[in-house]
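J.: Required output: the full structure, derived from the provided sequences and hints.
Protein chains in written order, with our numbering: chain A, 1 to 138; chain B, 1 to 547.
These are computed hints drawn from the structure, not numbers from a lab.
Heads up, some of the hints might be wrong.
[What the hints assert, rightly or not] Chain A regions said to be covered by chain B (calculated; three or more residues, Cβ under 8 angstroms):
#: 1; stretch: 45-51
#: 2; stretch: 84-96
[To be verified] Listed next, the in silico SDA-like pairs over lysine to any residue satisfying Cα-Cα at most 20 angstroms (straight line):
#: 3; chain 1: B; residue 1: LYS28; chain 2: A; residue 2: HIS13
#: 4; chain 1: A; residue 1: LYS91; chain 2: B; residue 2: PRO479
#: 5; chain 1: B; residue 1: LYS28; chain 2: A; residue 2: THR14
#: 6; chain 1: B; residue 1: LYS112; chain 2: A; residue 2: PRO85
#: 7; chain 1: A; residue 1: LYS125; chain 2: B; residue 2: PRO479
#: 8; chain 1: A; residue 1: LYS92; chain 2: B; residue 2: LEU84
#: 9; chain 1: A; residue 1: LYS125; chain 2: B; residue 2: VAL478
#: 10; chain 1: B; residue 1: LYS112; chain 2: A; residue 2: SER109
#: 11; chain 1: A; residue 1: LYS95; chain 2: B; residue 2: ALA289
#: 12; chain 1: A; residue 1: LYS91; chain 2: B; residue 2: PRO477
#: 13; chain 1: B; residue 1: LYS28; chain 2: A; residue 2: SER109
#: 14; chain 1: A; residue 1: LYS125; chain 2: B; residue 2: ILE288
#: 15; chain 1: A; residue 1: LYS92; chain 2: B; residue 2: PHE33
#: 16; chain 1: A; residue 1: LYS125; chain 2: B; residue 2: PHE327
#: 17; chain 1: B; residue 1: LYS112; chain 2: A; residue 2: GLN57
#: 18; chain 1: B; residue 1: LYS28; chain 2: A; residue 2: SER121
#: 19; chain 1: A; residue 1: LYS92; chain 2: B; residue 2: PRO113
#: 20; chain 1: A; residue 1: LYS91; chain 2: B; residue 2: VAL285
#: 21; chain 1: A; residue 1: LYS125; chain 2: B; residue 2: VAL482
#: 22; chain 1: A; residue 1: LYS58; chain 2: B; residue 2: THR17
#: 23; chain 1: B; residue 1: LYS28; chain 2: B; residue 2: VAL517
Keep in mind the model is a prediction, meaning the values are calculated, not measured.
Here a beta-carbon is modelled for each residue, glycine too, at the ideal position from N, C-alpha and C.
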Amino acid sequence: MYKKIMIPVDLAHTDRLEKALTTAADLSKQYGIPVCYTAVTASTPTSVAHTPEEFAQKLEAFAQSENQKLGLHSAESHTIVDPDPVADLGKKLIKAAHEQGCDLVVMASHVPGIQEHIFESNAGKMALHADVSVFVVR
Amino acid sequence: MSDDALTPDGDAAVVQTDYVVGQDNIQKQLGPFGLDIHNPVFVISGLVICAVVFYALALPDQAESFFGWLRPAVTSTFDWFFLLAGNIFVLVCIGLMISPLGRIRIGGTEAKPEFSYAGWFAMLFAAGMGIGLMFFGVSEPISHFSSSFAEGAGSPDSWAPLGGAAGNEEAARRLGMAATIFHWGLHPWAIYAVVALALALFAYNKGLPLSMRSIFYPLFGDRVWGWTGHVIDTVAVFATLFGLACSLGFGAEQANAGLEYLFGIPASDTSKVLLITGITAIALVSVIAGVEAGVKRLSEINMVLAFLLLLFVIVLGPTIAILTGFFNNLMAYGEYLPALSMPFGRDDANFSQGWTSFYWAWWISWSPFVGMFIARVSRGRTVREFLFCVLLVPSIVSVLWMTAFGGTAIGFVNAGVSAIADAPLELKLFTMLEQMPLAAITSFVGIVLVIVFFVTSSDSGSLVIDTITAGGKVDAPVPQRVFWCIFEGLVAIALLLGGGLGALQAAAVSTGLPFAVVLLVACYALVKGLMQEPKAKPPLIRSRKAQ
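T.: Put into structure tokens, the structure is as follows:
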């Protein structure tokens, strides 16, 4: 049914991703397809890493530890470096889904509140604009 | 994790510190909005700004007399210091450009630029001085020319640079142009370049947060994460916000005067408030759209419009005079530069303190803002490339702009068109365009340029303040940058209606003094930091290796 799953990851808040990660793992095992852990980082130092390269290494380490923990089909990681991540996140993730050949995005999102009437959530943006399937986990 | 993990693209000398970007931040839910703010920089800056605005509104006379005294006191007493510091910045930049340190790449030896030359250059120009060129491009050359040409030039009351050239039209024109270019050429751009390069180096190569305090790391070590750093960052926010809010307030007055002159839209508080609201609204859209889709695109639009306006003046104006004037003015600049930049033994106090020292304080007070913004968009450039594009190219563009607008205007004034000389500052550009064909179109382009330049300032300023008050995080939640953008508009409106724009602009410019010291430290930190960096390989070796 699907070829590859993309899971957008916020390395600063992995604790909030539990449900989405498990959901994606189940789907991965069900269809026997690989998972691509994808994250967007600023080129400036962030709370996660001093440099984009350190970030990429941490993301890869995260992907491999998830792989072991959940027994996935196979796992890879993809780091996107962007000068203004909060503004470009959705756009860059959609582009990356194409480049990585992912046709299903499993994405964690918070329960929408008043803020979502003013600022669209990233997952909302993805669901609205992406031409691949998007599974929003709340 | 291995040590390699800390290495940026290729080699770089990352600072080994336990500090983590955002470790002092508070992440809170405020109503529906998630926040990620630096404790205590965000709160203190916000409160200090509110308190000062309140002071200016509650006790306008006192505020005006205090800040009205403070600013000239600072620029007159410390004129030698500003001029000396300015010269040091230029020399440091030129020294770095020609030294082997120029080969170092921002972000590590293998880093790639994030923006094209056009987009990058448009952004640094729009942030650096776009709006100033619109207002002073015509007026400043005329001022210096007139004071130099006037009979009393050289007397203690005269505002002429270097004693002027009373009665000598050609010499007065050369001197006037040289003095203007002096204020808009190498020196201001060197000020920006020093701050921007130091910030970029410490963020992209050393792995420290993108914040003013990081520049002080070589001096204070981990103490910069404490109160020393809080104070530096708070003053940077203060200078940036007041600098922006005041120029937004004055800008609204000037744009309004322009609109009244061109379209008969009456100048009133209502229309000024509407202008500020409009500019802030467009800036908001741009701020939410982000750097790439927002400020970069707007800057590019402005670059094209400004280029068209410049081309128009060159082609339809006195083309030959402008082209030969360009080289003449460059030579005049070179000729008068040593005398104009001399910090000691000046006989032209009005000019060196009232103009030059004031300008230097002004550029320096803007430098945290412009420097932060330039740093943010300059990853992947080598130091030499960076300095070439931030120091030399903009200086050359300024010379061309001043020649086309100022030189042409002086020509009109000498030919007996007194309207330009008589017009108030904000209308000089329009009265000059009126002397040329298609004035309706070019004046309209002029107004659009002024407004969009304000939008890009407000936009990039909000991004910078947001980053500083989020402890160097460029990925703080969007509502925060929205907050600063609106806050800036509100401060501008409050000061416009309640009075106090002038007083607070004086306050913002006064921060130029402490920041001049910060910048001198930045020079030291920059050179020291660069000396620890591995240099990018010369292209020859790299291509051989690739084979």
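J.: List in ascending order the numbers of the hints, as given earlier, that are violated by the structure.
T.: 8, 10, 15, 16, 23
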